[in-house]
Amino acid sequence: MKQKLLYIFGIPLTIALFFVLGCGKRKTSITLAGSTAFQPFAEKLAEQYMATHPEVNITVQGGGSALGIQSALSGTADIGMADLVHLPPEAKALHATVVAKDGISVIVHPNNSVNNLTLDQVRDIFNGIIRNWKEVGGIDHSITVVSREAGSGTRSSFEEIVGNIHLTEDAIVQDSNGTIRETVANDPYAIGYISHGMINERVKAVRINEIPCTVEEILKGRYILVRPIFFLTQTEPKGEIAQFIEYILSEEGQNTIQTSGLIPVK
Amino acid sequence: MRFFGEKGVQHLLRLVAFSALFGLLLIAIFIFQEGLPIILKLGLKHFLFAVHWEPQSGQFGIFPMLIASLWVTFGAMIVGAPLGIAGAIFLVEFVPRSVMRIIKPIIELLAGIPSVVFGFIGVMVLAPFIREHFGGSGLSILSASIILGTMILPTVMSISIDSIMAVPYSYREGSFALGATRWQTVHMVVLKAARSGIIASIILGMGRAIGETMAVIMIAGNAVKIPHSVLDSVRTLTANIALEMGYATGMHRQALFATGVILFVVIMILNSIANVLIKAKVSPKK
Chain A
1 MKQKLLYIFG IPLTIALFFV LGCGKRKTSI TLAGSTAFQP FAEKLAEQYM
51 ATHPEVNITV QGGGSALGIQ SALSGTADIG MADLVHLPPE AKALHATVVA
101 KDGISVIVHP NNSVNNLTLD QVRDIFNGII RNWKEVGGID HSITVVSREA
151 GSGTRSSFEE IVGNIHLTED AIVQDSNGTI RETVANDPYA IGYISHGMIN
201 ERVKAVRINE IPCTVEEILK GRYILVRPIF FLTQTEPKGE IAQFIEYILS
251 EEGQNTIQTS GLIPVK
Chain B
267 MRFFGEKGVQ HLLRLVAFSA LFGLLLIAIF IFQEGLPIIL KLGLKHFLFA
317 VHWEPQSGQF GIFPMLIASL WVTFGAMIVG APLGIAGAIF LVEFVPRSVM
367 RIIKPIIELL AGIPSVVFGF IGVMVLAPFI REHFGGSGLS ILSASIILGT
417 MILPTVMSIS IDSIMAVPYS YREGSFALGA TRWQTVHMVV LKAARSGIIA
467 SIILGMGRAI GETMAVIMIA GNAVKIPHSV LDSVRTLTAN IALEMGYATG
517 MHRQALFATG VILFVVIMIL NSIANVLIKA KVSPKK
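If you read the sequences in order, they're chains A and B. Each residue of the first sequence is one higher than the last, beginning at 1 in our numbering. Each residue of the second sequence is one higher than the last, beginning at 267 in our numbering.
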């Protein structure tokens, strides 16, 4: 009887003790959430930071820029990530730090013969006015328009910069930069837009008004599809959070950002 | 273990047993509490039949998604039901039991494959195939129907197998004694006797097809519009909730919960019909 009692109370007690001891190490944890465009880069930066700061544990979540703003407001994330041209009014209460800039590339399948589009052509394609590749100098086949979902920062930045977009209802909707890239890579007649840092050999970025989407052109200010990436915090960043943001803004952090294909702010 | 006592254990088990029911109740209350206000505000008819879903400009009409869900589910039925039932008939009536005991678990294994894997195969293999041979973007009702039809196959098949096997052997003997061939026996006697179970299997499959989310998001293309052909891309009710829940606030969020209410009601109705049919014993009437 006594032995059984020991089991009944002993096991939960051991488990509880385990948790208490686990907390004893006092690892500070920072949670980031939001922009799927910046998510892979935030993960990379977090990894580098954690390598030199083992006492900090950084978790990076996606969800889109709207979620980034919301979770920073509600406090579910310490840092909300948002990639918008202008922050919406509800984000005014938050403290925003620009950590990088990012170009938006208009992408097509590598076999597509179209290499350049004017901004007006891009607008007409996404509005469903131009529906065939031959109207913009390509082959005679209908265009598959691929867009992001409505809460996406990439989408709202894209629509704001291009201007007057009322997305065609035929547009296919995908919920991350990665799935847009895969959709376009798999469909020779598709067109989409993703973060410049996400471009790989499976898709081709077209020139906009004859200007290619490259880091140099963005730094010169000639490529126009560019938006800042904000880190949003409830108050002025303090302690470990401030240190992490400082690290990203440091030369090392900005170098990582540039080598990954984003545009440094400094 | 006299520590708890007979009664104590009994109460404990009862509590655990009711916890599942309690969970369901909580979910139902929560969904209805969040979703009903907007349905009442817009009016059920308007919410169900308005054709514009533009949350940014305050337009919440789920009609395109409702149609999409029905199309995709119907398509999945056309693919999954005949295959499932035919497979069940073959396995029970035309193959030795020992072979069936090997094949049936393999088919049931299909039910264990995660839906994201089905979606992945759909995007990588099926969508390009449909784009090349039928046109459109490939992410369409057709591809979603084929993938979903495959996903519900194990459900339809294993319940059909059970209900066909439940038909007493004396029925078949009677039929053979009258000089009927094997096929005549199957479609005139066995299928009629197992009818309710087979219909139940189709309805349960339908429930799965309507509720499936991940595979559909990956393969249906998610365009909000009323489809004109099976090659058009569509967004189902479930895909709409999953795609937009992450950032929805206020009215938009309520509208998504209301979409959940509609789904909840539809699936409840389908499952109740299936339950009634499964309970209905194999009937001796023709």
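Derived from the structure by calculation, the hints contain no laboratory data. Cβ coordinates follow ideal geometry from the N, Cα and C atoms, glycine included. There could be a bad hint or two in this list.
[As the list claims (entries may be wrong)] For each label pair, taking beta carbons as the anchor points, the in silico distance ranges come out as:
id, chain 1, residue 1, chain 2, residue 2, range
1, A, LEU73, B, MET390, 34 to 42 angstroms
2, A, MET50, B, GLY309, 50 to 58 angstroms
3, A, ARG222, B, LEU292, 51 to 59 angstroms
4, A, MET50, B, LEU292, 21 to 29 angstroms
[To be verified] A partial selection of chain A residues facing chain B, derived with a Cβ cut-off under 10 angstroms:
id, residue
5, THR59
6, GLY63
7, SER65
8, GLN70
9, GLY138
10, SER142
11, THR144
12, VAL146
13, ALA171
14, ILE172
15, VAL173
16, GLU182
17, ASP187
18, TYR189
Results of checking the hints against the structure:
1. A:LEU73 to B:MET390: 34 to 42 angstroms: Holds: the Cβ-Cβ distance is about 39 angstroms, inside 34 to 42 angstroms.
2. A:MET50 to B:GLY309: 50 to 58 angstroms: holds, 53 angstroms
3. A:ARG222 to B:LEU292: 51 to 59 angstroms: Holds: the Cβ-Cβ distance is about 57 angstroms, inside 51 to 59 angstroms.
4. A:MET50 to B:LEU292: 21 to 29 angstroms: violated, 38 angstroms
5. THR59: violated, 17 angstroms
6. GLY63: holds, 5 angstroms
7. SER65: With a minimum Cβ separation of about 8 angstroms from chain B (threshold 10 angstroms), the hint on SER65 of chain A holds.
8. GLN70: Holds, about 7 angstroms.
9. GLY138: violated, 16 angstroms
10. SER142: Constraint on SER142 of chain A satisfied, holds at 8 angstroms.
11. THR144: holds, 4 angstroms
12. VAL146: holds, 8 angstroms
13. ALA171: ALA171 of chain A check passes; min Cβ-Cβ to chain B is 6 angstroms, inside 10 angstroms.
14. ILE172: Given a least distance of 4 angstroms, the restraint on ILE172 of chain A holds.
15. VAL173: This interface hint holds because 4 angstroms falls under the 10 angstroms limit.
16. GLU182: With a minimum Cβ separation of about 7 angstroms from chain B (threshold 10 angstroms), the hint on GLU182 of chain A holds.
17. ASP187: holds, 6 angstroms
18. TYR189: With Cβ-Cβ at 8 angstroms, under 10 angstroms, it holds.
Checked against the numbered hints given earlier, the structure breaks hints 4, 5 and 9 and satisfies all the rest.
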